[in-house]
Amino acid sequence: HSYPIIFLLNNCLWFHSPLAASRINVALSGTAIQSSTYNGGLAERSIDGNNDPQWEHNSCSFTALQAKAWWRLELPGVYQVSEIEVTNMNMGRNRINNVEILIGDSLSNNGNDNPRCAIINDDPGCLTQTVKCWGMEGRFINFYRSSDEIQYLQLCEVKVYGAASRINVALSGTAIQSSTSSGGLAERSIDGNNDPQWEHNSCSCTTGQARAWWRLELPGVYRVSEIEVTNRNTLRSRLNNVEILIGDSLSNNGNDNPRCAIINDDPGCLTQTVKCWGMEGRFINLYRSSDAPESLQFCEVKVYGGRDPVHH
2 HSYPIIFLLN NCLWFHSPLA ASRINVALSG TAIQSSTYNG GLAERSIDGN NDPQWEHNSC
62 SFTALQAKAW WRLELPGVYQ VSEIEVTNMN MGRNRINNVE ILIGDSLSNN GNDNPRCAII
122 NDDPGCLTQT VKCWGMEGRF INFYRSSDEI QYLQLCEVKV YGAASRINVA LSGTAIQSST
182 SSGGLAERSI DGNNDPQWEH NSCSCTTGQA RAWWRLELPG VYRVSEIEVT NRNTLRSRLN
242 NVEILIGDSL SNNGNDNPRC AIINDDPGCL TQTVKCWGME GRFINLYRSS DAPESLQFCE
302 VKVYGGRDPV HH
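With my numbering applied, the sequence shown corresponds to residues 2 to 313, in that order.
Keep in mind the hints are simulated off the structure, nothing from the lab. Glycine included, every Cβ here is placed at the ideal spot set by N, Cα and C. Take the hints with a grain of salt, since some may be wrong.
As the list claims (entries may be wrong) - Under the rule of at most 20 Å between Cα atoms (straight-line distance), these lysine to aspartate or glutamate pairs were calculated in the EDC-like manner:
1. Lys-69 x Glu-138
2. Lys-69 x Asp-149
3. Lys-133 x Glu-84
4. Lys-133 x Asp-123
5. Lys-133 x Glu-86
6. Lys-133 x Glu-101
7. Lys-133 x Asp-106
8. Lys-276 x Glu-229
9. Lys-69 x Glu-200
10. Lys-133 x Glu-218
11. Lys-69 x Glu-101
12. Lys-276 x Asp-266
13. Lys-69 x Asp-123
14. Lys-276 x Glu-200
15. Lys-276 x Glu-244
16. Lys-133 x Asp-196
17. Lys-276 x Asp-249
Claimed, not checked - Pairwise CB distance ranges (calculated):
18. Glu-45 x Gly-221: 51 to 59 Å
19. Asn-26 x Ser-291: 46 to 54 Å
20. Trp-135 x Asn-241: 16 to 24 Å
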């Protein structure tokens, strides 16, 4: 058995357990910039994974003397932020006083208009302090001194813990299909509306044709974890034997990409979830490879996953 070990060091609680050790610092996958740079104290030094508080060891960020100094981390996607750990420098420690931690998706005012998680100050008993943000969502995390006081902003490490938000990335994409019947446009199936009734104008439908297809183009290459497909509440067999394909190729209209699954109507449920286990691609096709002429119809496609950092 593994048991937690707790130490009290310089009034800082240091906790080690198998669970704590498994936490992932998502800041390591991000990029950092700041309002200015002093003496080589680059913004990215504060997300290098090194808590060293000594300036001369080249692991701390540092702005120039200025009013309203800021430092910003961009995460690889939108995250629900549970905790942020901040390590101060071991000298000039008051330079972290009255600094706001802001989290959100806006770049207005360089991200400094986003909602506030906390205001921090140097903790005399501990160089590293933990701030709870209780699941606040955002892609950008700012450290910001809103005062007009001329002062440096210094940080030696910022660690961010949280989970990628479950965001339907299909809403940011564009859809086309092999043909359109009776106004059943491709984009209806990525309008965020699961309504299964045709007369409410939220379902896509092709004409009766062989090898009908529908294609979603995402705004980048994604690692797709799950896809939810909502069928229409009538003529449900039109979703039978449909392949879900994911990849980067437009060969054969995207229908040569790797297969995630083959789906059929589920008699017990109009909405079904397909696991794609991180398959990568920009294009997601729903494709019936049969030569039998048949309409392809469904009412919503939702896609969950994260942006591939290699292709970001």
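Check each numbered hint against the structure and report the violated ones by number, ascending. 1, 9, 10, 14, 16, 18, 20
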